[in-house]
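> Sequence:
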Amino acid sequence: MSIRAKLVCLISVTVTVILLLNITIYYISSKDELQRNAEQQMRFIGNQIAVSIASAEQNSQLTEDALGERLRAVAIAIQNKLDPDIKNVRNSELFQLSKELGVDHITLWIKTDNDILSVRSTNPDELYMSPKSWNYWYTAFTQLFEKHNVTIPEGQKLDNFWAGPTNFGTSDPEKVFKWGNYYDGTTNYMINPYIHAQTFLDSKKKYGADAIVTQILRDKNNILEVTGFDPAYFGKAPAVSIKNGTVVYNLDVRNIIFGQYYYKDSVNDHLNTQKAIENNEVVTIESKLNGKHVIKSFIPVQGPKPYVISITFNNSALQQTLLRQVLTQGAISLGLILATVLCSYFISGFMVRSLNQIVSKVNEISNGNFGARISLKSNDEFGVLANRVNAMGQNLHTYMNRLTESAEELRQTKQYLESFVNHTSDAIHVSNLHGSVIQMNKAFEKMYGWTEEDLLGQPLNNTPPELAMEGTFMLEFIQQGGSVADYDTIRYDKSGRLLDVSITVSSIRDEQEQIIAIATISRNITARKQTEEVLRRSEKLSVVGQLAAGVAHEVRNPLTTLRGFVQLMKKNGQLAPAYIDVMLSELDRINFIVSEFLVFAKPQASRFQRANIHEIMRGIIMLLDSEANISNVQFTTRFDNEIPEMKCEVNQLKQVFVNIIKNGIEAMPEGGELDIDLSYTPSTGIIIRITDHGFGISEDNLSRLGEPFFTTKEEGNGLGLMVCYQIIANHRGTMSFQSKKGIGTQVEIRLPVIQDVPPTG
1 MSIRAKLVCL
11 ISVTVTVILL
21 LNITIYYISS
31 KDELQRNAEQ
41 QMRFIGNQIA
51 VSIASAEQNS
61 QLTEDALGER
71 LRAVAIAIQN
81 KLDPDIKNVR
91 NSELFQLSKE
101 LGVDHITLWI
111 KTDNDILSVR
121 STNPDELYMS
131 PKSWNYWYTA
141 FTQLFEKHNV
151 TIPEGQKLDN
161 FWAGPTNFGT
171 SDPEKVFKWG
181 NYYDGTTNYM
191 INPYIHAQTF
201 LDSKKKYGAD
211 AIVTQILRDK
221 NNILEVTGFD
231 PAYFGKAPAV
241 SIKNGTVVYN
251 LDVRNIIFGQ
261 YYYKDSVNDH
271 LNTQKAIENN
281 EVVTIESKLN
291 GKHVIKSFIP
301 VQGPKPYVIS
311 ITFNNSALQQ
321 TLLRQVLTQG
331 AISLGLILAT
341 VLCSYFISGF
351 MVRSLNQIVS
361 KVNEISNGNF
371 GARISLKSND
381 EFGVLANRVN
391 AMGQNLHTYM
401 NRLTESAEEL
411 RQTKQYLESF
421 VNHTSDAIHV
431 SNLHGSVIQM
441 NKAFEKMYGW
451 TEEDLLGQPL
461 NNTPPELAME
471 GTFMLEFIQQ
481 GGSVADYDTI
491 RYDKSGRLLD
501 VSITVSSIRD
511 EQEQIIAIAT
521 ISRNITARKQ
531 TEEVLRRSEK
541 LSVVGQLAAG
551 VAHEVRNPLT
561 TLRGFVQLMK
571 KNGQLAPAYI
581 DVMLSELDRI
591 NFIVSEFLVF
601 AKPQASRFQR
611 ANIHEIMRGI
621 IMLLDSEANI
631 SNVQFTTRFD
641 NEIPEMKCEV
651 NQLKQVFVNI
661 IKNGIEAMPE
671 GGELDIDLSY
681 TPSTGIIIRI
691 TDHGFGISED
701 NLSRLGEPFF
711 TTKEEGNGLG
721 LMVCYQIIAN
731 HRGTMSFQSK
741 KGIGTQVEIR
751 LPVIQDVPPT
761 G
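Note that our numbering has the sequence shown beginning at 1, numbered continuously upward.
The hints are simulated quantities; they were obtained by calculation from the structure and are not laboratory data. Check before you lean on any hint, since a few could be wrong.
To be verified - Pairs of lysine-lysine, BS3-like flavour, derived with a Cα cap of 25 Å: (1) Lys292 <-> Lys264; (2) Lys132 <-> Lys175; (3) Lys236 <-> Lys264; (4) Lys175 <-> Lys147; (5) Lys275 <-> Lys288.
Note that the structure is predicted; figures quoted are calculated from it, not measured.
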């Protein structure tokens, strides 16, 4: 896709997104505004209904109160014309009075011990009825009989009089009546006149709450329903009465006090009604009822008898209005988008004209024509870009020349390194982090016998089983960033022959300094090891020869003692037990000296094992004690109590200690003290210091100690210290000399306790 097309698409998409956002914001804001207006309209209508209903109910109540006052006057007139004793009153009198006073029926009630009964009535169906099941009516009758006045909240209360709410008759449940009940205590019965109240109800329907609701639904097309809920009864089981075998819903106990209830959501409507009346706030919800999207508002009306007005608003009307507005906005936006596409097409063509020139020249540069230049005179960004492209072409020309020279140098360096790797006598192989060999040189094939076909992609398993832990430690050490240099060990070749090798192991890292491979250089030191072993043996034989005289002298002393005791036993025939113990002690001493001498002198295979340096040193001191006595030299020892065991080759260390101690004895021809210190700290390991107080070594000779065939002795060959250096190095330790002419010499040997981890290079 060209830049021109991209610019057109980008601009068009940007404008489209902006217009869509505008439509979306307009839709949301308009929807909210329309809903707020609908809610305000419903609140206004609710308040209007509440005011109108309050006025209508007030007029209705006045009318009903007037009926009650009329019934009271009738009851008083009846009382004046009847005998105060119920026994003397006849039903015929009641018929005559009902016609005279203009009431439909008259009933007389008496109070028994546990009930109230109707005993006289112009309506035969009401004779001998009990009001116990009539809820608050029974309470009102009881209060009227006992206190002459009623205190319950229901009904109309006057002196000695109570008129219940208009309701269905018990004896004739198909008709509605208004009852009055009068009792002042002058008679033994209560007077109950009542009249038919259907005219009153018809008037209430014509001018009351239902009429107001009907008028509002006629005027407001968007209002689907207006319902009045009584929170005391709405949501509960309907209060019904069975009167004369007919189920009757009492007019004074209704959950819906006016309006219709077609759009029902019984559970939520009950909860919202209770919420509105309890918090005294309007509750508005959206819902889908009877297949229509509606908005319902629950408006609380406080008063002596609080109720809630529910107004159901047709939300579809809002959606239709909102849809018309959105379609209008969409049509306008579509026109703007088309205009934007056309304008951006022409504008982008003008803008990319200079860019096309730059692209053309850049293509020439990409084809290798770095000398191509762009002739664009402009002060805008395209002009700057053209200048930078020209500079880039010049720089690329320079860089290409340098890269050509560098590539030639790299080729020569590669050839040199390949020649070095392939022609060196050291075996080199590279393994990945999983242990598989990925590269090897010719010397590796020659030393170990494996070819590239045998090993590439395979792990190199030529480590003896007893050194498997050593290989694991070494790999972990390298992966942690360390390196191993000149580490002497043994490896198998392809034929299974053991080779003494010195290996150097290092990591190969990438540009992020992450280890990606491990390079190992192996040098066959089998011949060197054999030569060193010959040197050690020759030096040991030399030392053994020198020790022989001392051992002979040391053995002669206990033999002399034994000979004396044997002669004594021959003379006396027996020896005291104490003498026998001395003889056994001298025999043990001879056995120890000879055993130590044989162990030291006998050639043994090199075998590292756990040993105590403390015990090794004491054995050497015991072995050389006779030679020291001959030279008038006394050993002074200072050993730490807690010196741990270490892994070592015991015979080789004995050879080192014998050599150093003998040199110290020989350095003091006039005799003196030879100090032997043995200490340990976790940070430095085991430290052995052997100090003589002899003639010392000059600085020139001190720097040459350990060189082959260099010696300050008249009969020495200079190989002893060289062998000692090699033995200590094989134990991963160090040996150093400090000496002052005429004062003495101190030899310090440091040995690590743990030798399973290879040394770092």
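> Tell me, in ascending order, the numbers of any earlier hints that this structure violates.
4
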